[in-house]
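Using the sequences provided together with the hints, build the complete structure.
Chain residues, written in single-letter form:
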Amino acid sequence: MTAIASPAPGDVIAKPQREPVLVVSDLRAYYQTHYFGIVREVRAVDDISLHINPDEIYGLAGESSCGKTTLIKTIAGAIQPPLNVVGGSVRFNFGGAPLDVYASTPQARNAIRWRHLSYIMQGSMSVLNPVRRVRQSFIDFAFRHIGQPMPQFIDTIVAHLERLHLQANVLDAYPHELSGGMRQRVTIALATVCRPEFIIADEPTTALDVVVQKGVLAMIRGIQREIGSSMLFVTHDLAVHANLTDRLGIMYAGRIVEEGPTAEIFRAPKHPYTANLIHSLPRIGDTAPKKGLDGVPPNLAEPPPGCRFHPRCPLAMDICRRENPAMEPSGPGRRVACFAVTRGEPS
Amino acid sequence: MLSILRDLLRYNREFAAGAVLLAIVVALAAMSAFAPMPPEDVYVVPPDVPPSWAYPMGTTSRGQDVFWQLAFAIRNTLLFGFIVAILSRILSLVIGLVSGYLGGIVDRVLMSINDTFIVMPLFPILVMFYFVMKDRMSWAALALVMAGLGWAYDARLIRSIAMSLRTRQFTEQSVFSGMSTSQIVTQDHLPYVMPIVFSTTMNNINWSIGLEVTLSVLGFTNINTPTIGVMIYWANQHTAMTAGVWWWIFFPVALVIMTFIGLFLLAVSMNEYIDPRSRLSRMRGTRT
Amino acid sequence: MSEPLLEVRNVCKAFGMGGLLARYRFAAVNDVSFTIEQDRHEIFTIIGESGSGKTTLARMILNLVPMTSGSIRFRGTDLATIRRPADRLAFMGHVQPIFQNPFEAFNPLKRVDRYLFTTARRFTDARSTGEVESRADLALRKVGLSLAEVKQRFPHELSGGQLQRVAVARSLISEPSLIVADEPVSMVDASIRMSIVNLFKTLRDDLNVSIIYITHDLATAYYISDRIMIMKKGEVVESGPARTVLADPQHPYSILLRNSVLSPDAKGELLEPQFSTTERDLAGTR
Numbered sequence: 001m002t003a004i005a006s007p008a009p010g011d012v013i014a015k016p017q018r019e020p021v022l023v024v025s026d027l028r029a030y031y032q033t034h035y036f037g038i039v040r041e042v043r044a045v046d047d048i049s050l051h052i053n054p055d056e057i058y059g060l061a062g063e064s065s066c067g068k069t070t071l072i073k074t075i076a077g078a079i080q081p082p083l084n085v086v087g088g089s090v091r092f093n094f095g096g097a098p099l100d101v102y103a104s105t106p107q108a109r110n111a112i113r114w115r116h117l118s119y120i121m122q123g124s125m126s127v128l129n130p131v132r133r134v135r136q137s138f139i140d141f142a143f144r145h146i147g148q149p150m151p152q153f154i155d156t157i158v159a160h161l162e163r164l165h166l167q168a169n170v171l172d173a174y175p176h177e178l179s180g181g182m183r184q185r186v187t188i189a190l191a192t193v194c195r196p197e198f199i200i201a202d203e204p205t206t207a208l209d210v211v212v213q214k215g216v217l218a219m220i221r222g223i224q225r226e227i228g229s230s231m232l233f234v235t236h237d238l239a240v241h242a243n244l245t246d247r248l249g250i251m252y253a254g255r256i257v258e259e260g261p262t263a264e265i266f267r268a269p270k271h272p273y274t275a276n277l278i279h280s281l282p283r284i285g286d287t288a289p290k291k292g293l294d295g296v297p298p299n300l301a302e303p304p305p306g307c308r309f310h311p312r313c314p315l316a317m318d319i320c321r322r323e324n325p326a327m328e329p330s331g332p333g334r335r336v337a338c339f340a341v342t343r344g345e346p347s
Numbered sequence: 348m349l350s351i352l353r354d355l356l357r358y359n360r361e362f363a364a365g366a367v368l369l370a371i372v373v374a375l376a377a378m379s380a381f382a383p384m385p386p387e388d389v390y391v392v393p394p395d396v397p398p399s400w401a402y403p404m405g406t407t408s409r410g411q412d413v414f415w416q417l418a419f420a421i422r423n424t425l426l427f428g429f430i431v432a433i434l435s436r437i438l439s440l441v442i443g444l445v446s447g448y449l450g451g452i453v454d455r456v457l458m459s460i461n462d463t464f465i466v467m468p469l470f471p472i473l474v475m476f477y478f479v480m481k482d483r484m485s486w487a488a489l490a491l492v493m494a495g496l497g498w499a500y501d502a503r504l505i506r507s508i509a510m511s512l513r514t515r516q517f518t519e520q521s522v523f524s525g526m527s528t529s530q531i532v533t534q535d536h537l538p539y540v541m542p543i544v545f546s547t548t549m550n551n552i553n554w555s556i557g558l559e560v561t562l563s564v565l566g567f568t569n570i571n572t573p574t575i576g577v578m579i580y581w582a583n584q585h586t587a588m589t590a591g592v593w594w595w596i597f598f599p600v601a602l603v604i605m606t607f608i609g610l611f612l613l614a615v616s617m618n619e620y621i622d623p624r625s626r627l628s629r630m631r632g633t634r635t
Numbered sequence: 636m637s638e639p640l641l642e643v644r645n646v647c648k649a650f651g652m653g654g655l656l657a658r659y660r661f662a663a664v665n666d667v668s669f670t671i672e673q674d675r676h677e678i679f680t681i682i683g684e685s686g687s688g689k690t691t692l693a694r695m696i697l698n699l700v701p702m703t704s705g706s707i708r709f710r711g712t713d714l715a716t717i718r719r720p721a722d723r724l725a726f727m728g729h730v731q732p733i734f735q736n737p738f739e740a741f742n743p744l745k746r747v748d749r750y751l752f753t754t755a756r757r758f759t760d761a762r763s764t765g766e767v768e769s770r771a772d773l774a775l776r777k778v779g780l781s782l783a784e785v786k787q788r789f790p791h792e793l794s795g796g797q798l799q800r801v802a803v804a805r806s807l808i809s810e811p812s813l814i815v816a817d818e819p820v821s822m823v824d825a826s827i828r829m830s831i832v833n834l835f836k837t838l839r840d841d842l843n844v845s846i847i848y849i850t851h852d853l854a855t856a857y858y859i860s861d862r863i864m865i866m867k868k869g870e871v872v873e874s875g876p877a878r879t880v881l882a883d884p885q886h887p888y889s890i891l892l893r894n895s896v897l898s899p900d901a902k903g904e905l906l907e908p909q910f911s912t913t914e915r916d917l918a919g920t921r
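Protein chains in written order, with the working numbering: chain Y, 1 to 347; chain R, 348 to 635; chain H, 636 to 921.
Counterexamples of contact, computed for chain H against chain Y with all Cβ distances above 12 Å:
id : residue
1  : Asn665
2  : Thr670
3  : Ala715
4  : Leu744
5  : Lys786
Residues on chain H that point at chain Y, a partial pick, calculated with CB under 10 Å:
id : residue
6  : Glu684
7  : Leu793
8  : Asp824
9  : Ser830
10 : Val832
11 : Leu853
12 : Ala856
13 : Tyr857
14 : Leu881
15 : Ala882
16 : Leu891
17 : Leu892
18 : Ser895
19 : Pro899
Pairs of lysine-lysine residues, derived as DSS-like cross-links and limited to a Cα-Cα distance of at most 25 Å, are as follows:
id : chain 1 : residue 1 : chain 2 : residue 2
20 : Y       : Lys290    : H       : Lys777
21 : Y       : Lys291    : H       : Lys777
22 : H       : Lys745    : H       : Lys777
23 : Y       : Lys290    : H       : Lys836
None of these hints come from the bench; they were simulated from the model.
Think of the CB as a built atom: it goes at the ideal place given N, C-alpha and C, for glycine as much as any other residue.
Below you can see the structure in the form of structure tokens.
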């Protein structure tokens, strides 16, 4: 940046005190299949750049099959053919030890797992082994990372469970003996017991009832603040983002279309897609008619030319049909990919 | 359907290899229509001639041309396998789908019959049939008996699929669209089990040919209708191996092994092809 | 019009659970009563979390599962007496369902238009292909689609929102007076959700259909419902006019539910942990 003197809107974010924990640059990940001689390419993650700072919860919102699950798989380095990274990079920075996920050895990638990078997934049953007691899951996941002798290790676990208001006796339970909310808290405990710098949470509360969801979200927030890790929190539920995340990225058809501080986005959404999503949210006490968007999300195997949102966009202009808008700074800490916003409406 | 076969031939090596093997076998069976002599006749050619230009597979000790004998034998054996498979498929489909969809008392009655058939030992029963019926034990009767015994496992498999299909929302959508039970079973559920039926058909043909050969070799069938098993039976009766007439045994055995491998490869490639969604996406590819 | 459209009276449904020796009965629905009037077309919402019995209740209203005790009368006819196929068919002409997951509600191996055509053949006087197709087209136009968009299509060629519209259109062909919609928008994407929800309003206002809307989402319930009924573990804890109940819930569970709804206007505020209430509820779920 040359113009340091004027705090231009081009300044993406005020200089962070510490380096970001995660930097994703120009990431492209496509599903490439060759079945019976027919080649298909689904551009699930197409040119995404983002960074996540220490001690922040970055929310990622988007509809089904917009590529958000693919994005977190790619960030976690957990991809398998037919999903391939076609370009770009994913770089972690754990306490001054940088790691480029797609330029490092599998051993180096495995070494960071759970110690520095952990996951909270939607289906708690798929994390916890259904035929073994919870204690065994903790031993499997965390014992070698914590490196304490067994009695102290168990003490550490019990102390950690207490943070999530779980009693020591859940260790002796089988997963099916716990309720859905307790099970999800156990998986949160599993993911945070090694105090990782980075946590990926994929729809962790979607399967829970609303009453339980609120409590679990509060615990995720509390424990994240306590251990000071960064979190990438993915859910399609915008109300969850409004309550939990610090910054928010909105994905549409494999791209991030808007990014900024969550409260700012909710206060004044800029991208027409975001604006519709937020304005159409029903609220208790609000009887004004809400309008959904017409049309359907594009097929990522053959996305429309130009901006992928233009067929459904009320502000679509000629240029939107030809060119793909890049993410451009728009206001403090905010970026948006929309010609109507960055170039102004046609006069 | 034709385009699916074409794509399978082009892009699936197992299917192509299996299809080629079976095509050879079927072509040989079709040759039986052009045979210069009826298969039952003996001493129509010089006996014990090794394979030569005049007799490409040699002749038997009974004065029969192995090539033409084999054409008839494989025709009968294949026909036998297909008839058993088709009859037993019909039984297992009807019983499996109805039992799985209706559930309740119908299911319990049908499945208790089914389980009885599963635990019955097949081989002694077939031998017993032979001893009871003796000369009346024709080729067709054996096929009927085998079909009656060969449906039980697959009916259970089909029932388990139908049971899970019954609880799917689209079945209820069909119910509320006013479709009758038979419509739901044949239109909604049958397509789901068809790939499995194709695959088990191949296995069932293998199974019935194998049993038929076994029974025939031991002489527990009508030894006047030429089948692969009957050919081997006669070869054994004339101690073909020790007499050095190896071609009498070698060619039928080789052909039946080809049939087995061909059917097995088809079954395997069908298995890979079972998932309907991936099938649709594979076949369609990107539509531009 | 003295007879109510639907009268649910003291309905209970119990399932036997456990093994051969340790059998116990589990009441999925316990003593539920409500009435939907014939001439007042309304959206009646049943709210509940998982395990509240709301889906079991819906299936009993659709006459898919028998009730253990109590009675459900549709225009005075007890559903328990509807057993013959012809009677069932006639009943289905009046009461139609809409299912939760549009991708599950159509056979993926079949074209979606077959559901429309069969419904038209079975429930209307249309016989020729032309008549059947025009019935289907008419119904599709009511939901903002047309037959041209749907004909010959397989479910995977349509989006979730389109499929859910087709499902609504199909249910409309027989011109039912009651539609039972079990979580019809929970699997539909956010950008399309409100157009489906608005569609239900249109059905009520323009087509005079009463709708039983089953959901766990209080916000959409507030948006479209006329009356609501809140269920917990098979029992009704509170019911009444939707906006009154949701604005000022009385029962402790309704209050808890209402307070647990995350407001989109929270402006990133920290959630205040409510361990006491959560803990109690968690303990209660087992």
